[in-house]
Amino acid sequence: MGLLTELARGLVRGADRMSPFTSKRGPRSYNKGRGAKKPGVLTSNKKFILFKEMVPQFVVPDLEGFKLKPYVSYRAPEGSEPPMTAKQLFTEVVAPRIEKDVKAGTFDPNNLEKYGFEPTQEGKLFQLFPKNYVR
Amino acid sequence: MHRATPPTPPLPPLPSTDRLEAPERPSRRGAMRLSALLCAGRLRLPAGYRHGTWRPGTAAAQLRNPPGLRRRKIFVEPIAREDWKVFRGDTVQVLTGKDAGKQAMVTQVVRARNWVVVEGLNTHYRYVNRTTKYAGTYIASEAPLLLNQISLVDPEDRKPTEVEWRYTEEGERVRVSLRSGRIIPLPLRQRWDGIVPEQWIDGPKDTTVEDALDKTYLPSLKTFEEEIMDAMGIVETRRAKKSYWY
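Chains as they are written, first to last, in the UniProt record's numbering: chain A, 1 to 135; chain B, 1 to 246.
Think of the hints as simulated: they come from the structure by calculation, not from any bench.
We treat Cβ as the ideally placed atom computed from N, Cα and C, and that holds for glycine.
A hint or two may mislead.
As the list claims (entries may be wrong) - SDA-like mimics (lysine to any residue), calculated; alpha carbons at most 25 Å apart, straight line:
#1 A:K69 x B:I195
#2 A:K67 x B:D202
#3 B:K215 x A:R75
Claimed, not checked - Have a look at the derived ranges for each label pair, beta carbon to beta carbon:
#4 B:E210 x A:P20: 43 to 51 Å
#5 A:F51 x B:Y49: 34 to 42 Å
#6 A:N31 x B:S141: 46 to 54 Å
What the hints assert, rightly or not - Partial list, derived from the structure: chain B residues whose beta carbon lies under 7 Å from chain A:
#7 M105
#8 D193
#9 W200
#10 T207
#11 V209
#12 L218
#13 T223
#14 G233
#15 E236
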């Protein structure tokens, strides 16, 4: 109890050993990064080769006429749309196409790719599983 | 440990009962974790935490309740969450004490200790914002009152009554005064930051209500990134090299 009241008063002496030792502490010669990734490779010549593909680029579509802004007005009530589920997406997008084909008589169970079925994620740029894009 | 003065925690000069919350500025590393938890919503206070009139995440609370502090247990009459009758903004009458018989509004409620702080009543005087050169401002600060020293007031009679929770014919749960049968309406619940949504004026960075509620979503099987690539006409034929992790 004595130690804790002293701690509360700030009377315990000594440095803080448990906080991380970053490059903001220590002498000038103590050079340490803060975890940034390197977009290239350091050669034996100590030359750094930059790869343009590893440098992140922002792909921003044209926002002309875009009405949404960073914040929402306090007057807006809470939304009523439930979050989208896989079942709902299927019912809204794929099911009508299949129904139309079944009624026309052209439904082929071996050719489900035309309704969006993907048998494998290999060869796709944005694979869903395992997810290879950052969002 | 030899100490000349008896161990009393020092009281730093604080503004009185200011409920507007400044952004949490942790003073010590242990403090950082507690305020982060409070920001998350779910409060995790240690067993035997001594509640005061301060809010548990603030600097004042951390000063008085450092982690590892153990104090004598205060026994409090347990009142169920549904049976609680007094809310902030209610008019109550003080029954005992120096200001007995006076009515005022409730400014703060601490349910953990069955406390109610009434505006301007049951006051003692103290100095705030003391510095080495300035003696401090002499202000009146209210002391909390227990629930049995307080009584809710009938809105038309303006006399203290016993109150009960009952249901109206519509099924709404209301507080009813037992002496006269009148309903005591619940006080208006205000936001902690003082914003009244109905009176809000949109700023330049606020989306208007119509734009926010506009349903423009078209479900599609493409991912967001694929849709943008199609919209901007970006063609990417290279594929990432296959890598493995275990």
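Taking the hints in turn, this is what the structure says about them:
Between the alpha carbons of K69 (chain A) and I195 (chain B) the distance comes to roughly 20 Å, so the proposed pair stays at or under 25 Å and holds. The suggested pairing of K67 (chain A) with D202 (chain B) holds, with an alpha-carbon distance near 14 Å, which does not exceed 25 Å. For the given pair, K215 (chain B) sits about 17 Å from R75 (chain A) by alpha-carbon distance, which is consistent with the 25 Å threshold. Between E210 (chain B) and P20 (chain A) the Cβ separation comes to about 48 Å, which falls inside the hinted range of 43 to 51 Å.
At roughly 54 Å, the beta-carbon separation of F51 (chain A) and Y49 (chain B) lies outside the given 34 to 42 Å, and the hint is violated. As the Cβ distance of N31 (chain A) to S141 (chain B) is approximately 52 Å, the hint placing it in 46 to 54 Å holds. Hint on M105 (chain B) is violated. Least Cβ distance to chain A is approximately 25 Å, over the 7 Å limit. The closest approach between the C-beta of D193 (chain B) and any C-beta of chain A is roughly 10 Å, which is over the 7 Å cut-off, so the hint fails.
With a least beta-carbon distance of about 4 Å to chain A, the hint placing W200 (chain B) at the interface is held under the 7 Å criterion. For T207 (chain B), the suggested interface contact is upheld, since its CB lies about 4 Å from the closest CB of chain A, less than 7 Å. Residue-level restraint check for V209 (chain B) holds (minimum Cβ-Cβ distance to chain A is 5 Å; threshold 7 Å). Nearest Cβ of chain A to the Cβ of L218 (chain B): about 9 Å, over the 7 Å cut. The hint is violated.
Look at T223 (chain B): its Cβ gets to within about 5 Å of chain A, closer than 7 Å, so that hint holds up. At about 11 Å, the closest approach between the beta carbon of G233 (chain B) and any beta carbon in chain A exceeds 7 Å, and the interface hint on this residue is violated. For E236 (chain B), the interface hint holds, since its Cβ comes within 7 Å of a Cβ in chain A; the closest pair sits about 6 Å apart.
Of the numbered hints listed earlier, those contradicted by the structure are 5, 7, 8, 12 and 14.
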